[in-house]
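Chains as they are written, first to last, in the working numbering: chain H, 1 to 193; chain G, 1 to 193.
Mixed in with the good hints, there may be bad ones.
Claimed, not checked - Okay, derived cross-link-like pairs now, DMTMM-like style, lysine to aspartate or glutamate, Cα gap no bigger than 20 Å in a straight line:
(1) H:K21 <-> G:D18
(2) G:K81 <-> H:D89
(3) G:K111 <-> G:D146
(4) H:K81 <-> G:D23
(5) G:K101 <-> H:E58
(6) H:K111 <-> H:D146
(7) H:K101 <-> G:E58
(8) H:K21 <-> G:D23
(9) H:K111 <-> G:D89
(10) G:K21 <-> G:E5
(11) G:K160 <-> G:E138
(12) H:K81 <-> H:E40
(13) G:K111 <-> G:E173
(14) G:K21 <-> H:D23
(15) H:K111 <-> G:E5
(16) H:K81 <-> G:E58
(17) H:K119 <-> H:E138
(18) G:K21 <-> H:E138
(19) G:K81 <-> H:D146
(20) H:K81 <-> H:D48
(21) G:K21 <-> H:D110
(22) G:K101 <-> H:D23
To be verified - Computed Cβ-Cβ distance ranges for the label pairs, DEER-style:
(23) G:R112 <-> H:A37: 17 to 25 Å
(24) G:R112 <-> H:D110: 48 to 56 Å
(25) G:L170 <-> H:K119: 18 to 26 Å
(26) H:P116 <-> G:G169: 23 to 31 Å
(27) H:A47 <-> G:A37: 43 to 51 Å
(28) H:K160 <-> G:S190: 52 to 60 Å
(29) H:A37 <-> G:P116: 29 to 37 Å
(30) H:P116 <-> G:K101: 40 to 48 Å
(31) H:H73 <-> G:M189: 43 to 51 Å
(32) H:N184 <-> G:R112: 40 to 48 Å
(33) G:K160 <-> H:Y99: 50 to 58 Å
(34) G:Q192 <-> H:G17: 42 to 50 Å
Note that these hints are calculated values from the structure, not bench results.
For each residue, glycine too, the CB sits at the ideal point set by N, CA and C.
The primary structure of each chain is shown beneath.
There are 2 protein chains.
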Amino acid sequence: MKLLEDRIREDGTVLPGDVLKVDNFLNHQIDPDLMSAIGEEFARLFADAGVTKVLTVESSGIAPALMTGLQLHVPVIFARKHRSLTLTDNLYTATVYSYTKQVNNDISVDKRFISPDDKVLIIDDFLANGQAVQGLMEIAKAANVDIAGVGVVIEKSFQKGHQMVLDAGLHLEALASVASLENNQVTFMSDQQ
Amino acid sequence: MKLLEDRIREDGTVLPGDVLKVDNFLNHQIDPDLMSAIGEEFARLFADAGVTKVLTVESSGIAPALMTGLQLHVPVIFARKHRSLTLTDNLYTATVYSYTKQVNNDISVDKRFISPDDKVLIIDDFLANGQAVQGLMEIAKAANVDIAGVGVVIEKSFQKGHQMVLDAGLHLEALASVASLENNQVTFMSDQQ
Numbered sequence: 001m002k003l004l005e006d007r008i009r010e011d012g013t014v015l016p017g018d019v020l021k022v023d024n025f026l027n028h029q030i031d032p033d034l035m036s037a038i039g040e041e042f043a044r045l046f047a048d049a050g051v052t053k054v055l056t057v058e059s060s061g062i063a064p065a066l067m068t069g070l071q072l073h074v075p076v077i078f079a080r081k082h083r084s085l086t087l088t089d090n091l092y093t094a095t096v097y098s099y100t101k102q103v104n105n106d107i108s109v110d111k112r113f114i115s116p117d118d119k120v121l122i123i124d125d126f127l128a129n130g131q132a133v134q135g136l137m138e139i140a141k142a143a144n145v146d147i148a149g150v151g152v153v154i155e156k157s158f159q160k161g162h163q164m165v166l167d168a169g170l171h172l173e174a175l176a177s178v179a180s181l182e183n184n185q186v187t188f189m190s191d192q193q
Numbered sequence: 001m002k003l004l005e006d007r008i009r010e011d012g013t014v015l016p017g018d019v020l021k022v023d024n025f026l027n028h029q030i031d032p033d034l035m036s037a038i039g040e041e042f043a044r045l046f047a048d049a050g051v052t053k054v055l056t057v058e059s060s061g062i063a064p065a066l067m068t069g070l071q072l073h074v075p076v077i078f079a080r081k082h083r084s085l086t087l088t089d090n091l092y093t094a095t096v097y098s099y100t101k102q103v104n105n106d107i108s109v110d111k112r113f114i115s116p117d118d119k120v121l122i123i124d125d126f127l128a129n130g131q132a133v134q135g136l137m138e139i140a141k142a143a144n145v146d147i148a149g150v151g152v153v154i155e156k157s158f159q160k161g162h163q164m165v166l167d168a169g170l171h172l173e174a175l176a177s178v179a180s181l182e183n184n185q186v187t188f189m190s191d192q193q
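Turn these sequences into a full structure, and let the hints steer you where they fit.
In structure tokens form, the structure reads like this:
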């Protein structure tokens, strides 16, 4: 998605440790018009996938998921993060390790909101090591629902999340696919083609 | 906002302790079309207020804030919650007590995203005791910016947040104003007029 790649080049910052900081338009301050275009693009890419619900995890996934749900006219569910859960009877849960914060969080979705005839589209802002998306895939599996696909705004294709999603046999769409952050420089997959 | 009041009557649940549960369309599962209508209504109500940024706090505030920012074509900033902060030099912070979880959280906004010539519209999903909105007001004050107003999707007007915002001399708009939850029954201010 050229609009997004241009914005990342213009406003993104590369930090040590392969960190791409985009908090000025994506995940702390949000550009709503860009986010709306992102939702339109996901809706176009998954138009024929039979999506009945969009599934994401708080907080940074909410904006792209909401804009996608708005275009597809289906409900959006965001999994909640907790330090750890004691009562889980009414919840589908998964444990997610955060490399950034180096802690385990449980994420959960109320069982009322996913039924076996749903087909969920998993949306998140970033795909790096894939922990959050894997947690959402586990929740979908626990709920016994089909996954229509996985859409991420930005992926770092050189980290293991990309392959993990493909290995699961899922349709993956990344609107910007970062091939490398070497020398503090963003190189997209599209630059190499 | 009649559409919202009708939905609360239909899908909301009243729990002991004056809790109004709306997690099936507002803050766990989200109805994007309803949320879009909510954003349009906030944009209409604050159209002449000179808003340059929408300010909210993760996670439940993000959806209504984003839809409002989309209509007003201004950036949306969501304050981040932390257990406690050690490095705060680059952040505006405030401490917020959660009555639901009975813990103190710090909330923060990166100083890069608010400048003195901004005029912020504070948006949140709920106004009850007003702790979150008060925290956002403190952040606006620390950043030395004007507040264009406060918009909340649902307020419980019988709790202290409502009066707190008015006492601060701010323009408050609640799209659904709950006057009472007695006898497990939702009574809106509009029912009493």
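Structure-based check of each hint:
| no. | hint | verdict |
| --- | --- | --- |
| 1 | H:K21 <-> G:D18 | 41 Å, violated |
| 2 | G:K81 <-> H:D89 | 27 Å, violated |
| 3 | G:K111 <-> G:D146 | 15 Å, holds |
| 4 | H:K81 <-> G:D23 | 15 Å, holds |
| 5 | G:K101 <-> H:E58 | 17 Å, holds |
| 6 | H:K111 <-> H:D146 | 15 Å, holds |
| 7 | H:K101 <-> G:E58 | 17 Å, holds |
| 8 | H:K21 <-> G:D23 | 31 Å, violated |
| 9 | H:K111 <-> G:D89 | 42 Å, violated |
| 10 | G:K21 <-> G:E5 | 13 Å, holds |
| 11 | G:K160 <-> G:E138 | 17 Å, holds |
| 12 | H:K81 <-> H:E40 | 27 Å, violated |
| 13 | G:K111 <-> G:E173 | 27 Å, violated |
| 14 | G:K21 <-> H:D23 | 31 Å, violated |
| 15 | H:K111 <-> G:E5 | 25 Å, violated |
| 16 | H:K81 <-> G:E58 | 12 Å, holds |
| 17 | H:K119 <-> H:E138 | 14 Å, holds |
| 18 | G:K21 <-> H:E138 | 26 Å, violated |
| 19 | G:K81 <-> H:D146 | 33 Å, violated |
| 20 | H:K81 <-> H:D48 | 31 Å, violated |
| 21 | G:K21 <-> H:D110 | 13 Å, holds |
| 22 | G:K101 <-> H:D23 | 28 Å, violated |
| 23 | G:R112 <-> H:A37: 17 to 25 Å | 23 Å, holds |
| 24 | G:R112 <-> H:D110: 48 to 56 Å | 36 Å, violated |
| 25 | G:L170 <-> H:K119: 18 to 26 Å | 44 Å, violated |
| 26 | H:P116 <-> G:G169: 23 to 31 Å | 53 Å, violated |
| 27 | H:A47 <-> G:A37: 43 to 51 Å | 23 Å, violated |
| 28 | H:K160 <-> G:S190: 52 to 60 Å | 54 Å, holds |
| 29 | H:A37 <-> G:P116: 29 to 37 Å | 30 Å, holds |
| 30 | H:P116 <-> G:K101: 40 to 48 Å | 32 Å, violated |
| 31 | H:H73 <-> G:M189: 43 to 51 Å | 31 Å, violated |
| 32 | H:N184 <-> G:R112: 40 to 48 Å | 19 Å, violated |
| 33 | G:K160 <-> H:Y99: 50 to 58 Å | 41 Å, violated |
| 34 | G:Q192 <-> H:G17: 42 to 50 Å | 57 Å, violated |
Violation of the numbered hints given earlier is confined to hints 1, 2, 8, 9, 12, 13, 14, 15, 18, 19, 20, 22, 24, 25, 26, 27, 30, 31, 32, 33, 34; the remaining hints are satisfied by the structure.
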